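**Q** Take a look at the letters that make up each chain.
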Amino acid sequence: MARYISQHDKLMLLNTFNGDLIHLFDQGILIVGDPTTNGGAANVIDPTSLPHLFATDLDGSGTAHDLEHVGLGSLNGKDYGGTSLAKMAYGYRGKFFMANPVVAGTETILAGQRWQVTSGSVTYGGVAYSRGDVVETTYGTNFVNVSSGRVAPYLPLDLVNACNAFREEEYKIKNLKVGDEVNGYWDWNTGYTARNSVDPNSDDFIGYVRT
Amino acid sequence: MNNYRNSNRPGPRTSQTIDPKSVMQDISYSIKTLSPESAPLMAISGKFGKGAPPKGHKIWVVQEHLFDDIDYCSTVVYCEDHVAAWKRYALLTLDQASRPDVNDVVYYSPQDTLYLESTGQNVEVVMTPSASIRTGLGTTDFFSINDNIYGGATGTVSRTPAGTILVRNVEPYALRRFTTTYTVFMGRTIFESQDIEATPKQRDFIWDCNFVEHKEAVIEMTEDQKSLIQTYHKVPDWNHQQTRMIEEFKREIERKTIFGVREFDGTVSARPKHFMGGVLNSIKTNVSFYDPTMAPGEAFEKMIQWFMYEQAFRYNPGGSQKLAICGGKFLMKFNQSFAAYRRTTSLKVSGDVGFNIDAYDFMGNTLGMINYQGFRQGTPMENWCLVVDPGLMEWRVKREFNTREYDLPNQRMYKLMTEWQGTIAFQLEQAHALLRTV
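If you read the protein sequences in the order shown, they are chains V and E.
Counting from 1, one number per residue, gives the positions in the first sequence under the working numbering.
Counting from 1, one number per residue, gives the positions in the second sequence under the working numbering.
Hint data in this document are derived by calculation from the structure and do not stem from the laboratory.
Note that the coordinates shown come from a computational prediction; the quantities given were computed from them, not determined experimentally.
Ideal Cβ positions, reconstructed from N, Cα and C, are used throughout, including at glycine.
Every clue listed holds true.
Restraint ranges, calculated between C-beta atoms of paired labels, are given here:
hint : chain 1 : residue 1 : chain 2 : residue 2 : range
1    : E       : 139       : V       : 126       : 34 to 40 angstroms
2    : V       : 125       : E       : 75        : 27 to 33 angstroms
3    : V       : 18        : E       : 172       : 45 to 51 angstroms
4    : E       : 139       : V       : 106       : 42 to 48 angstroms
5    : E       : 51        : V       : 125       : 41 to 47 angstroms
6    : E       : 80        : V       : 126       : 37 to 43 angstroms
7    : E       : 198       : V       : 106       : 38 to 44 angstroms
8    : V       : 141       : E       : 198       : 42 to 48 angstroms
Could you build all of it, start to finish, from the sequences and the hints given here?
**A** If you want it as structure tokens, here you go:
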């Protein structure tokens, strides 16, 4: 099987030639092929009849990558190993991304990536996470598998179309579990003050202001 | 310098000998305007509802997504594969995808029953990560088993691994084989006079928000230009500039309702700036991309039908009629897809040649279609189709084109400002959909 994720919960992949539906993402996830088997031609998206959304080879490699033409992006960041405009465009511009779960502890992690626990439970940096939790890696060490833990790459923050007014706070509360960080503070002397410009431990500090 | 200046002279009088200054120019004062839009500005925003003025910079909407009793089993471990006698039992992993925020906790409890779509059998939940089924009336009479029946190595357990449930065929037969299956939750079944001990369930709302945006536009004019200079305009130049400013300002707001991105900017200390989110940004669920070179015809219509079935009318909290805000080329191709129907005898052409589809009925749903020039002809957006349920959008406006002349006491300049402050409350973005190109 192959697992793909998308920022759109119900992304359709339609046949260019006869208009039929080929794949439909549900809850932002698409599983292709037999879940008991990894790899194989039948276990990945077949781009043969899918629309070529991108007319050019977006990763700048100069070779035809059909899956990239039909919308496969990269979660490795906006810059796919180069500085040309074509390479910069690759990555997050994709409409879906491959995100196969791997056994926690065996993944290859770089700092600043986002991973989602897809089953079981794991720890990262001493904090416990369970299915559905998203973790932004802060250093290159791996997850620790606690019980049947599997993790898969997840969408970067700017592709998650949630209530982004407080998405950083929401992320911290839910995933880093470090409390209600806020965008600014309020004290008697100055009223509203942007975050990080006032000492919340000062005598004047009253409380926080949400955006 | 002459002190007397007569211009009498011999010769025939012609249009070429006359003093040009004295010839009247024939100027049509009916000034025609050319807009970048091929159709007049659509008052799409007029189709939305109108709610109370906002009470702050951020407005919240509250929604409740009702319980979805359909689940998906992505992994199954048959107990008979490990211990042959346990043919009725299997360990299932249910994705609980419709509860993404809480699916780390298994929703099901012992004695709950499930229908397995792929085999047609009913199973009863026997063990979960937090409980096991009763085997008697005593306080300790609960099911426990050596976990080697599903490949475990712990020994006797009364709880399943995280995220799994142990189920048993309700009938005294072996479970039929499947790889994955959908399940239908059918609730708890109790035995005669069983104590009340069902696991309680709780529900919460979900929240969404938008920001109140403050916008302005101004014109400035010198005193002479306003009150002395005469122009060929039908109305004074000041009024003309004012009319155009309002028109353009209205369009800016309309564009915001479609294209805006919700965000907050605190760059200026203590003076936060708020950006209102628009329809495109609010649609998280139903978005699809297609190849704009796709030819019109049956395939194009079929694509629209899939789009309607899976996305545009997948959720209809506001009814079965929605509005498709279309780019021109999309609409043209959609019309071209029905070219063959022009030859049907039932079509009343009444001297008009052509074919106009302004509503499309499919599976009991009606899609009203309008040409929206915000998806401008000549840009890739001409291929887009945005389906909205206007009843689920509500204007929340505080300042609606308030205008004010402003100046300083020592200035002669005329200045006029118009401002708008408001936002849109989007309810249930799942009812809207977008079919677009990249």
